[in-house]
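Asks: One-letter residues, chain by chain:
Protein chains: 2
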Amino acid sequence: MSTLFDEIKPYMDKGMAAKAALTLLEWDQETSAPPMGAEWTAKIIGELSNVYLESMVNDDVKKKLEKLHSEKEFSQLSSIEQAIVKEWKNVIKQLEPIPQNEYQAYTELVAKAGNIWAKAKEKNDFSVFSPCLQEIVDYKRKFATYRKKAGKDRKIELYDILLEDYEPGFTTKKLDEFFEQIKKELVPFIQKIVKKSSKKNYCLPKAKYDIEKQREFCKWLAGYVGFDFSKGVLGESEHPFSTNLHNHDVRISNHFYEDNLESAIFSIIHETGHALYEFGIDNEITMTLVGFGTSMGMHESQSRFYENIIGRSEKFWKPIYSKLQETFPEQLENVSIKDFIHAINRVEPGMIRTEADELTYSLHVLVRYETEKMLLSKKIEVKDLPKVWNEKYQEYLGISPDSDKNGVLQDVHWACGDFGYFPSYALGTAISAQIYNNMLEIMPIEEYLESGNLLPIRDYLKEHIYQYGKRKNTNELLKEMTGEEFNASYYIQYLKEKYTRLYDSNEK
Amino acid sequence: MSTLFDEIKPYMDKGMAAKAALTLLEWDQETSAPPMGAEWTAKIIGELSNVYLESMVNDDVKKKLEKLHSEKEFSQLSSIEQAIVKEWKNVIKQLEPIPQNEYQAYTELVAKAGNIWAKAKEKNDFSVFSPCLQEIVDYKRKFATYRKKAGKDRKIELYDILLEDYEPGFTTKKLDEFFEQIKKELVPFIQKIVKKSSKKNYCLPKAKYDIEKQREFCKWLAGYVGFDFSKGVLGESEHPFSTNLHNHDVRISNHFYEDNLESAIFSIIHETGHALYEFGIDNEITMTLVGFGTSMGMHESQSRFYENIIGRSEKFWKPIYSKLQETFPEQLENVSIKDFIHAINRVEPGMIRTEADELTYSLHVLVRYETEKMLLSKKIEVKDLPKVWNEKYQEYLGISPDSDKNGVLQDVHWACGDFGYFPSYALGTAISAQIYNNMLEIMPIEEYLESGNLLPIRDYLKEHIYQYGKRKNTNELLKEMTGEEFNASYYIQYLKEKYTRLYDSNEK
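Those sequence lines, one after another, are chains W and V.
Take the first sequence: its position 225, counting from 1, is numbered 225 in my numbering, and each next residue is one higher.
Add 1000 to a position in the second sequence, counting from 1, and you land on the number used in my numbering.
Keep in mind the hints are simulated off the structure, nothing from the lab.
Here the structure is a predicted model, which means the values were calculated and not measured.
All C-beta atoms, glycine included, are put in the ideal place defined by N, C-alpha and C.
Incorrect hints may appear among the rest.
Distance windows between CB atoms, simulated [unchecked claim]:
no.: 1; chain 1: W; residue 1: Arg215; chain 2: V; residue 2: Glu1348; range: 33 to 43 Å
no.: 2; chain 1: V; residue 1: Glu1102; chain 2: W; residue 2: Gln76; range: 30 to 40 Å
no.: 3; chain 1: W; residue 1: Arg215; chain 2: V; residue 2: Lys1219; range: 14 to 24 Å
no.: 4; chain 1: W; residue 1: Asn58; chain 2: V; residue 2: Lys1173; range: 43 to 53 Å
no.: 5; chain 1: W; residue 1: Glu258; chain 2: V; residue 2: Leu1455; range: 28 to 38 Å
no.: 6; chain 1: W; residue 1: Gly169; chain 2: V; residue 2: Glu1007; range: 53 to 63 Å
no.: 7; chain 1: W; residue 1: Gly169; chain 2: V; residue 2: Asp1282; range: 51 to 61 Å
no.: 8; chain 1: W; residue 1: Glu258; chain 2: V; residue 2: Ser1230; range: 37 to 47 Å
no.: 9; chain 1: W; residue 1: Asn58; chain 2: V; residue 2: Lys1093; range: 24 to 34 Å
no.: 10; chain 1: V; residue 1: Glu1102; chain 2: W; residue 2: Lys123; range: 51 to 61 Å
no.: 11; chain 1: W; residue 1: Gly223; chain 2: V; residue 2: Lys1062; range: 46 to 56 Å
no.: 12; chain 1: W; residue 1: Leu440; chain 2: V; residue 2: Ser1127; range: 30 to 40 Å
no.: 13; chain 1: W; residue 1: Gln76; chain 2: V; residue 2: Lys1387; range: 48 to 58 Å
Pairs of lysine-lysine, DSBU-like flavour, derived with a Cα cap of 30 Å [what the hints assert, rightly or not]:
no.: 14; chain 1: W; residue 1: Lys379; chain 2: W; residue 2: Lys149
no.: 15; chain 1: V; residue 1: Lys1479; chain 2: V; residue 2: Lys1173
no.: 16; chain 1: W; residue 1: Lys208; chain 2: V; residue 2: Lys1219
no.: 17; chain 1: W; residue 1: Lys64; chain 2: V; residue 2: Lys1043
no.: 18; chain 1: W; residue 1: Lys231; chain 2: V; residue 2: Lys1123
no.: 19; chain 1: V; residue 1: Lys1379; chain 2: V; residue 2: Lys1405
no.: 20; chain 1: W; residue 1: Lys112; chain 2: V; residue 2: Lys1219
no.: 21; chain 1: V; residue 1: Lys1043; chain 2: W; residue 2: Lys67
no.: 22; chain 1: W; residue 1: Lys62; chain 2: V; residue 2: Lys1195
no.: 23; chain 1: V; residue 1: Lys1206; chain 2: V; residue 2: Lys1195
no.: 24; chain 1: V; residue 1: Lys1089; chain 2: V; residue 2: Lys1043
no.: 25; chain 1: W; residue 1: Lys119; chain 2: V; residue 2: Lys1231
no.: 26; chain 1: W; residue 1: Lys9; chain 2: V; residue 2: Lys1014
no.: 27; chain 1: V; residue 1: Lys1043; chain 2: W; residue 2: Lys93
no.: 28; chain 1: V; residue 1: Lys1062; chain 2: W; residue 2: Lys9
no.: 29; chain 1: W; residue 1: Lys43; chain 2: V; residue 2: Lys1014
no.: 30; chain 1: W; residue 1: Lys89; chain 2: V; residue 2: Lys1043
no.: 31; chain 1: W; residue 1: Lys112; chain 2: V; residue 2: Lys1009
no.: 32; chain 1: V; residue 1: Lys1043; chain 2: W; residue 2: Lys86
no.: 33; chain 1: W; residue 1: Lys14; chain 2: V; residue 2: Lys1093
no.: 34; chain 1: V; residue 1: Lys1184; chain 2: V; residue 2: Lys1392
no.: 35; chain 1: V; residue 1: Lys1392; chain 2: W; residue 2: Lys213
no.: 36; chain 1: V; residue 1: Lys1043; chain 2: W; residue 2: Lys43
no.: 37; chain 1: W; residue 1: Lys315; chain 2: W; residue 2: Lys383
no.: 38; chain 1: W; residue 1: Lys119; chain 2: W; residue 2: Lys496
no.: 39; chain 1: W; residue 1: Lys231; chain 2: V; residue 2: Lys1119
no.: 40; chain 1: V; residue 1: Lys1231; chain 2: W; residue 2: Lys43
Bound conformation, chain W alone (with noise of 0.2 Å):
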């Protein structure tokens, strides 16, 4: 042990546990606390920030991560003292040339966002909520360019310092890349496939799904995928999400609507698939800097792995659809499985990224992220919002949103602050594709879900990806489990594979 390291540790201790508070009251604000609340408990919220940033932040633990940084005794750390060295000094070169009281205004003022976003939405106006967007707007440009300043490269763009919270490694030019391919391969299939499917497209029956029936079988749904209710929590929330205080208590949210089955399904596959990931932390880790998820598109590769590729499979469904006919017999008794798994994998263009199909998701993500990065750049700014979205909606989806409730107020990541985060939907969604091509080299896992045996799969995924938290990075993982780093074309081919032939073979 290092006697050094021992004296930073308790910055990180009450750092993290800071953080841990700040993680309760969001979950809190999303599924419980009372709307007039909100106003006052920013002012918890920009408190405990505070207390995280000088924790985390300051002159001692700055001289001291320098020298443990040194050679000398760098080698001298146990190798989760050396990742957390890492990512300390990470999260210093994020923080650092943050005026304090700037970063407490802000946090203060995203505590504040989501309410302001969600009457927005309500009331379908986006001009309740562009004021204080433009705020946050301001803010993440100033930040950017504080740190590039405080950086050693001049030519970065202001976007790629944003990228960098979400994805360490993944550069704007390495998203233009992985978005090319997706235009040029992806948007042609894509327009091939619709033009079939609107012919034959199968939903399941328009009807009433009894909201605590639907609430039963999604938290029994949980429970079949791997959740542990003795280490997590399901809630409620207007928009689902996912969060952890630590690795023994993970949350997830759901929201169901009675004229929706498939909504709260498969938002709670999804979400229990990020749940997996951070049930699956080391415990020799927990409440450590690398206790948590490496990355958001890693993460989102978990949750998307669950959803789609896995929970909108044939095999999936074959030992519990009949669990589900029975919890809805009168909607769905003339409902072959067939026709359920055609249903779930119908592709339409949509309006509403939550709500998107598999083929056409990524698009959704690419007019967010060329939108961010237009408003990072100042090409745009926050009232141009909902003209941009909707040509680009038109652009790549071929539809314009009706409304801004359904449009550019959909989401809620830009209250939260959330810029640079939507890229590592597109990006988790394609690394899901490889992840599962190297599985299926490894076990029969289509053999496993026939069999409701879901535990293999969480079992590998657990060694491979989960245990190591942040000590290993995004293409690290993807080298050492499948050989290679991040690869795109996996993906376009697994759609490709999967859409041709579900369109081929499942005419009705």
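Mind docking chain V on chain W? Use the hints.
Replies: Here is chain V on its own, set in the frame of chain W:
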């Protein structure tokens, strides 16, 4: 505005934010957190308690508070600032003598103790909890001893020091007098009533009361009594309780039993009484040291005022009993409002404090008061508790608990480290009668109840008690409101009148 005060205010802001986060963590532990998370979450609680401690008690604060308290500076402060300075000095007096590492270890211990207590209660096995409880008691004794040494009064009893935290101004001496009065005046009266009542006790029909319907009715009832859902949240927990992050985020929990309708109904009225107090705190003092109810006793006076004095009166139920009947038509159709009032006021010495009738309630507190005093003064140890407990129940209530679960393990309080807290329950009950006596002179309170208009009652209490928070102490508030300091005779008189009336007029 005082510059010096402005210099210490940021310490308070940080401290109060940490305290609010701790409140949320506690609420969350009781209402939703996953069981396996508690061990890890205890670390978060320990760290945040430390943030609170460091922020509220440090050399800079102490130096500046002393200056602010000096005659010249003090007179320049606003009355709110003066109250904060006084309260802050109290907080320091309580916390300063305790070494920081011991305080943190203690908070981590009690953060875990709740789960251990729950397990012991579930298993009906005191030995599961006793080692943990002994640790808590050891800390309590040690901390009180530190504080005794730091104080000026060498003759003060250790138990007095604990009382200070909950009931400033009420010493063991005063409480001894209070409980002596109860023993002398109430015990014989109760024995007389019990003899009378045992022949003709009327209970609600033994039936199943659907929990979802109870939940709905209780939510409605909370609103009827005055709960503001835009600033408050209802939850569920093993043991009903109330808490608050600030006056715009007030939370109460309830517990439902299918075979017991009264439990949830009177719990929700009780907790709503607590909530009204916190809702009523003036915004000028929100999230300051004085922005909370002035004492546990005063708080309890409000919950028990609503639960018993109002909530068990016929006038209260007159406009709403039909709604309860409509909710449970099969169970209650043959129960007249007279029967109902008789049932909810029946006297029956029982084992469980929270289920106790209004008349025998203080005797449950008496048992705890005497037991705690013995524990603090080392006359007994934790291992002796079940025996002492059962003997005292036999002595005062004439019954002996059939199990630890229904005996010494029934309350969560000791697991939270709350020693010296129980007396406030009896004290608050007595205060509520004094307040009621005053209100009868001031306003047509029974008319208000009968017409379903509870607002003037709440407004009067807000004006004379709630708004001030800790700016005035219990006796100051009572003096200004009722013309005299605490006087237990109103309580004795109220009970004697009510139960004489009930058990004479309601012969069955």
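Asks: So, for every hint listed, does it hold in this structure?
Replies: Structure-based check of each hint:
The hinted range of 33 to 43 Å is satisfied by W/Arg215 and V/Glu1348, whose Cβ atoms lie roughly 39 Å apart. Between V/Glu1102 and W/Gln76 the Cβ separation comes to about 33 Å, which falls inside the hinted range of 30 to 40 Å. For W/Arg215 and V/Lys1219, the hinted distance range of 14 to 24 Å is satisfied, since their beta carbons lie about 18 Å from each other. Remark: the range hint 43 to 53 Å for W/Asn58 to V/Lys1173 is upheld by a beta-carbon distance near 49 Å.
The given range of 28 to 38 Å is respected by W/Glu258 and V/Leu1455, whose C-beta atoms sit roughly 36 Å from each other. A hinted range of 53 to 63 Å is violated for the C-beta pair W/Gly169 and V/Glu1007, which are about 45 Å apart. The hint said 51 to 61 Å for the Cβ distance between W/Gly169 and V/Asp1282, and at roughly 53 Å that hint holds. For the hinted restraint 37 to 47 Å between W/Glu258 and V/Ser1230, the CB-CB distance of approximately 25 Å leaves it violated.
A hinted range of 24 to 34 Å for the beta carbons of W/Asn58 and V/Lys1093 is consistent with their spacing of about 30 Å. Between V/Glu1102 and W/Lys123 the beta carbon distance is about 53 Å. The supplied range of 51 to 61 Å therefore holds. Range check, W/Gly223 to V/Lys1062: Cβ separation about 53 Å, and the 46 to 56 Å hint holds. In this structure the hint that W/Leu440 and V/Ser1127 lie 30 to 40 Å apart at CB is violated, the actual value being about 54 Å.
The given range of 48 to 58 Å is respected by W/Gln76 and V/Lys1387, whose C-beta atoms sit roughly 57 Å from each other. About 21 Å separates the Cα atoms of W/Lys379 and W/Lys149, which keeps this hinted pair within 30 Å; it holds. As the CA atoms of V/Lys1479 and V/Lys1173 are separated by approximately 20 Å, the hinted pair is consistent with the 30 Å bound. A hinted pair counts as satisfied when its Cα atoms are at most 30 Å apart, and W/Lys208 with V/Lys1219 qualifies at roughly 26 Å.
Between W/Lys64 and V/Lys1043 the alpha-carbon distance is near 24 Å, which keeps this suggested pair within the 30 Å criterion. Restraint check for W/Lys231 and V/Lys1123: satisfied, since their Cα atoms lie roughly 21 Å apart, inside the 30 Å limit. At roughly 24 Å between alpha-carbon atoms, V/Lys1379 and V/Lys1405 fall within 30 Å of each other, so this suggested pair holds. In summary, the hint linking W/Lys112 to V/Lys1219 is supported, as the alpha carbons are separated by about 27 Å, within the 30 Å threshold.
Taking the CA atoms of V/Lys1043 and W/Lys67, the gap is near 28 Å; set against the 30 Å cutoff, the hint holds. About 75 Å separates the Cα atoms of W/Lys62 and V/Lys1195, which puts this hinted pair outside 30 Å; it is violated. Taking the CA atoms of V/Lys1206 and V/Lys1195, the gap is near 23 Å; set against the 30 Å cutoff, the hint holds. As the CA atoms of V/Lys1089 and V/Lys1043 are separated by approximately 28 Å, the hinted pair is consistent with the 30 Å bound.
Distance restraint check for W/Lys119 and V/Lys1231: the Cα-Cα separation of roughly 17 Å lies within the 30 Å cut-off, and the hinted pair is therefore satisfied. Under the criterion of a C-alpha separation no larger than 30 Å, the hint pairing W/Lys9 with V/Lys1014 is consistent with the structure, at around 22 Å. Annotation: proposed proximity of V/Lys1043 to W/Lys93 holds, straight-line Cα distance about 27 Å (limit 30 Å). For the suggested pair V/Lys1062 and W/Lys9, the alpha carbons sit about 28 Å apart, so the restraint of at most 30 Å is met.
Our distance criterion of 30 Å between C-alpha atoms is met by W/Lys43 and V/Lys1014, whose separation comes to about 9 Å. The straight-line distance between the Cα atoms of W/Lys89 and V/Lys1043 is roughly 24 Å, inside the 30 Å bound, and the hint therefore holds. The straight-line distance between the Cα atoms of W/Lys112 and V/Lys1009 is roughly 23 Å, inside the 30 Å bound, and the hint therefore holds. For the hint pairing V/Lys1043 with W/Lys86, the CA-to-CA distance comes to about 24 Å; that is within 30 Å, so the pair holds.
For the hint linking W/Lys14 to V/Lys1093, the alpha-carbon distance of about 25 Å falls within 30 Å, and the restraint holds. Restraint check: the Cα-Cα separation between V/Lys1184 and V/Lys1392 comes to about 16 Å, which is no more than 30 Å; the hinted pair holds. Annotation: proposed proximity of V/Lys1392 to W/Lys213 is violated, straight-line Cα distance about 49 Å (limit 30 Å). The suggested pairing of V/Lys1043 with W/Lys43 holds, with an alpha-carbon distance near 23 Å, which does not exceed 30 Å.
Distance check on the hinted pair: W/Lys315 and W/Lys383 sit about 47 Å apart at the alpha-carbon level, beyond 30 Å; violated. This hinted pair does not check out: W/Lys119 and W/Lys496 have alpha carbons roughly 40 Å apart, beyond 30 Å. A threshold of 30 Å between alpha carbons decides the hint, and for W/Lys231 with V/Lys1119 the separation of about 17 Å falls inside it, so the pair holds. Of the supplied pair hints, the one linking V/Lys1231 and W/Lys43 holds, its CA atoms being roughly 16 Å apart against a limit of 30 Å.
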